[in-house]
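Make the full structure from the sequences, and use the hints.
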Amino acid sequence: MIGFVRGKVISRREDQVIVDVNDVGYQVTVPTTMAGVETGRDCELYIHTHVREDALELFGFTRKSHRQMFQELLTVSGIGPRVALNIISTLSPDRFARAILNENLNILKEVKGIGPKSGQRMILELKSRVDDLVAGESFSDTAASFARDDELYSALNNLGYSDSEVNSALEEMEIEPEDNLEEKIRQVLLFLGQD
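In terms of our numbering, the sequence shown opens at residue 1 and continues consecutively.
Among the clues, some could well be false.
As the list claims (entries may be wrong) - The calculated lysine-lysine pairs, modelled on BS3-like cross-linking and capped at a C-alpha distance of 30 Å, are:
(1) K64 <-> K109
(2) K64 <-> K112
(3) K127 <-> K117
(4) K64 <-> K127
(5) K64 <-> K8
As the list claims (entries may be wrong) - Pairwise CB distance ranges (calculated):
(6) T49 <-> E172: 38 to 48 Å
(7) I10 <-> N158: 34 to 44 Å
(8) N158 <-> R6: 40 to 50 Å
(9) P81 <-> A35: 36 to 46 Å
(10) S77 <-> S11: 29 to 39 Å
(11) L56 <-> K8: 19 to 29 Å
Everything labelled a hint here was simulated from the structure, so no lab data went into it.
Quick caveat: nothing in here was measured; it's all calculated off a predicted structure.
Glycine residues also receive a C-beta, built at the ideal position from the N, C-alpha and C atoms.
Below, the structure is given as structure tokens:
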């Protein structure tokens, strides 16, 4: 099985890249929000090889923790690789873990392909394994930190930013957890080109 590739990106679509590794092009499906993987640039991707009767697909992630989350999601009955990839493209590991712990179906239903039944099934099957979902991520399960993060997303949503835009910004930024809500909002807006 292929677990890792390093090479030059020779083609990029929204959810797929072709990576040239020693003159062999690997077609890899990636999260739509994955930054830094652009045509003409070198990249390193952690790969999950998905084998079916009629196909062999490669799914790539720039972080080991995202591959770990993807693999944990595939253990949920009824969740296939496309829905798992949609989850990673829509929700950060931290926000997804909070939704599971808080049994927040509304957050889960933001993901294309997740309805009430599949959301409940994920909560039921993953609640006891949240630590596996966010392995390697900075994650705090305190109610206060959950509330502050939800307030940050809510405030930025009210200013017209989608969760995926906020996720992308937060992945690229260094925000101190002890900063107050207003400071976090200001930093994200500055990063997104606002003042």
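If you test the structure against every hint from before, which numbers come out violated?
6, 9
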